[in-house]
Amino acid sequence: MTEVTLSNVVKKYGAHQAVHGIDLDIADGEFVVLVGPSGCGKSTTLRMIAGLEDITGGEVSIGGRVVNDLPPRERNISMVFQNYALYPHMTVRENLGFSLHIAKQEPAQIKTAVDQAAGILGLDELMDRKPAELSGGQRQRVAMGRAIVRSPDVFLFDEPLSNLDAKLRTQMRAEIKKLHQKIGNTIIYVTHDQVEAMTLADRIVLMRDGHIVQVGTPLELFNTPVDTFVATFIGSPPMNLVDGTVRGGNIQLTDGQSLPVPVGARGLVREGQDVQFGFRADNLMPLGHAVDEVGEIHQVDLTITLTEPLGTETILFTTFGGIEVQAKMFNPRPVRPGEQMTFRLVLDKCHVFDAASGTAIRS
Amino acid sequence: MPRRRLPEWFLLLLPAIIVIAAVVLIPLIFSLYSSFTPYKLTRPSTLWKWIGTYNYEKILTDAKFWAAFGRTVLFLTIALNVEMLLGLGIALLVNKVTWGQRTLRTVLMFPMMFSPILVGFQFKFIFNDNIGLVNNVLQSMGFNVALPWLVDGKLAMFSIAFAEIWMSTSVFAILILAGLFAMPRDPLEAAKVDGCTPWQSFRHISLPFLMPFIYIAMTIRSLDVARAYDIVQIMTGGGPARRTELLWTLMSRTGYVDARMGLANAMGYVSILLSIFFTVYFFRKLSAARAEIGMGG
Ligand SMILES: Nc1ncnc2c1ncn2[C@@H]1O[C@H](COP(=O)(O)OP(=O)(O)OP(=O)(O)O)[C@@H](O)[C@H]1O
Ligand SMILES: [Mg+2]
Chain A
1 MTEVTLSNVV
11 KKYGAHQAVH
21 GIDLDIADGE
31 FVVLVGPSGC
41 GKSTTLRMIA
51 GLEDITGGEV
61 SIGGRVVNDL
71 PPRERNISMV
81 FQNYALYPHM
91 TVRENLGFSL
101 HIAKQEPAQI
111 KTAVDQAAGI
121 LGLDELMDRK
131 PAELSGGQRQ
141 RVAMGRAIVR
151 SPDVFLFDEP
161 LSNLDAKLRT
171 QMRAEIKKLH
181 QKIGNTIIYV
191 THDQVEAMTL
201 ADRIVLMRDG
211 HIVQVGTPLE
221 LFNTPVDTFV
231 ATFIGSPPMN
241 LVDGTVRGGN
251 IQLTDGQSLP
261 VPVGARGLVR
271 EGQDVQFGFR
281 ADNLMPLGHA
291 VDEVGEIHQV
301 DLTITLTEPL
311 GTETILFTTF
321 GGIEVQAKMF
331 NPRPVRPGEQ
341 MTFRLVLDKC
351 HVFDAASGTA
361 IRS
Chain B
1 MPRRRLPEWF
11 LLLLPAIIVI
21 AAVVLIPLIF
31 SLYSSFTPYK
41 LTRPSTLWKW
51 IGTYNYEKIL
61 TDAKFWAAFG
71 RTVLFLTIAL
81 NVEMLLGLGI
91 ALLVNKVTWG
101 QRTLRTVLMF
111 PMMFSPILVG
121 FQFKFIFNDN
131 IGLVNNVLQS
141 MGFNVALPWL
151 VDGKLAMFSI
161 AFAEIWMSTS
171 VFAILILAGL
181 FAMPRDPLEA
191 AKVDGCTPWQ
201 SFRHISLPFL
211 MPFIYIAMTI
221 RSLDVARAYD
231 IVQIMTGGGP
241 ARRTELLWTL
251 MSRTGYVDAR
261 MGLANAMGYV
271 SILLSIFFTV
281 YFFRKLSAAR
291 AEIGMGG
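So the protein lines, in turn, are chains A and B.
Here the first sequence is numbered in our numbering, starting from 1 and rising by one per residue.
Here the second sequence is numbered in our numbering, starting from 1 and rising by one per residue.
Think of the hints as simulated: they come from the structure by calculation, not from any bench.
One or more hints might be untrue.
Mimicking DMTMM-like on lysine to aspartate or glutamate, the simulated pairs with C-alpha atoms at most 25 Å apart in a straight line are [what the hints assert, rightly or not]:
hint, chain 1, residue 1, chain 2, residue 2
1, A, Lys-104, B, Glu-292
2, A, Lys-111, B, Glu-292
3, B, Lys-96, A, Glu-94
4, A, Lys-12, B, Asp-186
5, B, Lys-96, A, Glu-74
6, A, Lys-130, B, Asp-230
7, A, Lys-104, B, Asp-186
8, B, Lys-285, A, Glu-74
9, B, Lys-285, A, Glu-94
10, B, Lys-96, A, Asp-282
11, B, Lys-96, A, Glu-53
12, A, Lys-177, A, Asp-69
13, B, Lys-124, B, Asp-152
14, B, Lys-285, A, Glu-133
DEER-style ranges, computed between Cβ atoms [said to hold, decoys possible]:
hint, chain 1, residue 1, chain 2, residue 2, range
15, B, Pro-7, A, Lys-167, 51 to 59 Å
16, B, Trp-199, A, Thr-56, 24 to 32 Å
17, A, Gly-288, B, Asp-186, 37 to 45 Å
In this text, a Cβ means the ideal position worked out from N, Cα and C, and glycines have one as well.
The whole structure should be built from the sequences, with the hints applied where relevant.
What follows is the structure, encoded as structure tokens:
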């Protein structure tokens with residue numbers, strides 16, 4: 001059993017505090033993704049788990065054993081680095097086998113393990129090349145292979161896909177997910193890309209400025225963001241946020257429009273409270289091009305300013321509540337900027353956030 | 001008749017060609033020619049007497065020459081290896097220092113700032129058997145000895161090597177330190193995670209990366225040491241009784257003291273082979289080490 005537990009973990013670089021007391025329980029075999037904007041402390045957290053960074057305060061334990069004072073080699077972990085960190089003077093085969101060689105395993109055993117990992121990752125053709133003779137994607141696979149051969153308790157990934165092109169990234173994402181399904185180890189994965197987080201994670205840990213903002217399954221974060229930061233970080237395009245004020249049981253937007261308070265927030269808002277009204281592009285759809293319309297609908301006429309056709313759907317830019325928002329048109333037909341269309345807003349799926357604190361108002 | 005003009009490129013290169021010819025080419029050809037004559041500085045007419053390979057034959061059977069040759073190779077091997085190990089150690093230590101590292105690096109360079117002649121004098125004093133520092137220290141510690149540092153053959157070689165190493169270890173230290181600064185941190189971290197102890201990380205990751213830097217230092221220093229002259233000349237003058245004779249002290253003695261310039265030049269050409277050998281050897285090693293860490297030949 002290799003669960004990983006962080007309790008009140010703190011990291012300070014001199015006077016600068018990079019991580020502010022993080023608590024996190026990761027179950028055995030779970031795929032957890034740490035995600036957040038640049039500089040929020042994801043790598044620092046991961047490196048503390050790996051033992052590459054001293055832990056200023058709190059406790060990290062792996063498989064029930066407190067590892068604060070253990071060097072990386074005694075933690076039985078593997079790590080895949082952002083720029084792969086392959087050993088430049090070793091061939092692919094030597095790179096893969098290095099950790100086993102250090103662990104003084106039998107050559108025959110090493111060969112079996114290395115060949116097996118090479119098979120999983122399709123590296124057989126490349127075994128005698130040096131890292132300098134490999135493409136980015138191939139290096140990435142070698143880095144993964146090097147992590148696999150050790151059969152560690154926990155895999156740590158630090159933005160392993162960020163140096164790859166979009167297509168390869170999608171492909172490797174699927175590979176990593178398959179790998180997890182096959183070997184079932186605990187994985188802690190760092191990325192700043194919310195799509196990666198959504199697609200890979202059993203559970204997402206969203207961080208900002210060294211704090212955890214929200215922990216949950218991808219759908220929990222998508223459907224019930226705890227604040228405007230989560231709402232705009234998760235999901236693409238980001239959630240539309242429109243300023244408004246509660247007036248007589250309705251939300252009055254700055255352009256004078258009035259909307260009913262969505263079901264989830266009803267009874268929780270004060271008269272006169274400044275709020276942000278949030279909805280995703282998927283919930284603002286032109287009449288006749290909508291899907292999944294359930295519950296209360298608010299209908300409004302809007303003028304299109306810009307279109308982004310994506311094939312199966314088109315993103316429409318328009319002005320709503322005084323700001324530019326994005327809407328989605330399913331089964332699209334060609335639309336010209338300046339065209340006026342009737343839109344339907346699915347109120348049951350809308351969110352209300354307190355304008356001052358940004359926290360969600362929801363029962 | 002049209003006037004023939006020299007091509008423009010030739011005219012433009014002419015000053016350079018003249019300078020190079022005057023300071024390099026002509027002396028080179030002259031010295032090569034004179035090594036086939038019994039040229040004596042005291043009798044200029046001997047320059048015009050061709051004796052073929054007589055000088056070379058004489059050298060090849062000359063025990064004194066081969067003794068100096070062997071001593072030079074030995075001196076070179078010992079000095080380079082000790083300097084390399086010390087330099088590596090110093091570089092690794094300095095790399096660990098977090099406070100005052102700049103100052104330390106500057107201090108490291110001090111020995112290189114002295115003229116070898118001064119270093120020679122300094123160590124000649126330090127190792128002097130009567131008034132020298134070393135013997136005085138030994139005596140004040142209660143050893144009632146006066147070791148003949150610069151007189152006994154082995155001790156004198158040791159003293160010279162000591163001075164040489166004192167002066168030049170920093171070349172290795174500085175170059176290896178440059179290598180350490182240039183070393184990517186990631187593979188070292190990967191090695192830590194892969195289970196390496198600090199020693200294993202050094203042995204399997206850092207050292208292969210440092211090898212090219214070490215070989216560059218070796219190449220430079222092998223050329224330097226192979227023509228070691230000033231320190232030896234000052235400290236022992238190749239003596240006493242030729243016990244510390246190296247190639248260059250022998251050559252200068254033959255050429256200037258005995259005035260047998262033809263023979264000395266022949267010695268010079270034979271010993272250049274030594275330098276060429278070491279240069280080629282270390283360059284081979286260098287490209288191999290560079291290829292090893294994926295920097296290409
Ligand atoms: N060695 C260091 N010394 C001082 N400050 C550091 C050091 N390493 C990181 N920091 C700071 O700690 C904070 C968190 O850094 P960290 O590398 O964990 O960010 P990150 O979330 O991984 O960002 P990115 O997505 O850009 O990789 C940043 O403000 C950074 O400036
Ligand atoms: Mg990072």
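- Query: Between Lys-285/B and Glu-133/A, does the CA-CA distance stay at or below 25 Å?
  - Reply: holds, 21 Å
- Item | 25 Å limit on alpha-carbon distance, applied to hinted pair Lys-96/B and Glu-94/A | Outside the cut-off at roughly 29 Å; violated.
- Message: For a C-alpha distance cap of 25 Å, please report whether Lys-12/A and Asp-186/B respect it.
- Response: Distance of about 21 Å is within 25 Å: holds.
- Query: Can the restraint linking Lys-96/B and Glu-74/A be considered satisfied, given a maximum Cα separation of 25 Å?
  - Reply: holds, 23 Å
- Does Glu-74/A lie within 25 Å of Lys-285/B when you go C-alpha to C-alpha? Roughly 36 Å separates the two Cα atoms, so the pair is violated.
- How does the Cβ-Cβ distance of Trp-199/B and Thr-56/A compare with 24 to 32 Å: does it lie in that range? Holds: the Cβ-Cβ distance is about 28 Å, inside 24 to 32 Å.
- Between Lys-177/A and Asp-69/A, is the straight-line Cα distance small enough, at 25 Å or below? Violated, because 32 Å separates the two Cα atoms, which is more than 25 Å.
- Task: Kindly confirm whether 51 to 59 Å is satisfied by the beta carbon distance between Pro-7/B and Lys-167/A.
- Result: holds, 57 Å
- Message: For a C-alpha distance cap of 25 Å, please report whether Lys-130/A and Asp-230/B respect it.
- Response: Between Lys-130/A and Asp-230/B the Cα gap is close to 46 Å, so the pair fails against 25 Å, i.e. violated.
- Message: Between the alpha carbons of Lys-124/B and Asp-152/B, is the straight-line distance 25 Å or under?
- Response: holds, 14 Å
- Task: Given the hint that Lys-96/B pairs with Asp-282/A, test it: the Cα-Cα distance must not exceed 25 Å.
- Result: Answer violated: Lys-96/B to Asp-282/A is near 56 Å, above 25 Å.
- Message: Between the beta carbons of Gly-288/A and Asp-186/B, is the distance compatible with 37 to 45 Å?
- Response: Roughly 55 Å apart at Cβ, these two residues miss the hinted range, so it is violated.
Hints 3, 6, 8, 10, 12, 17 from the list above are not met by this structure, while the remaining hints are.
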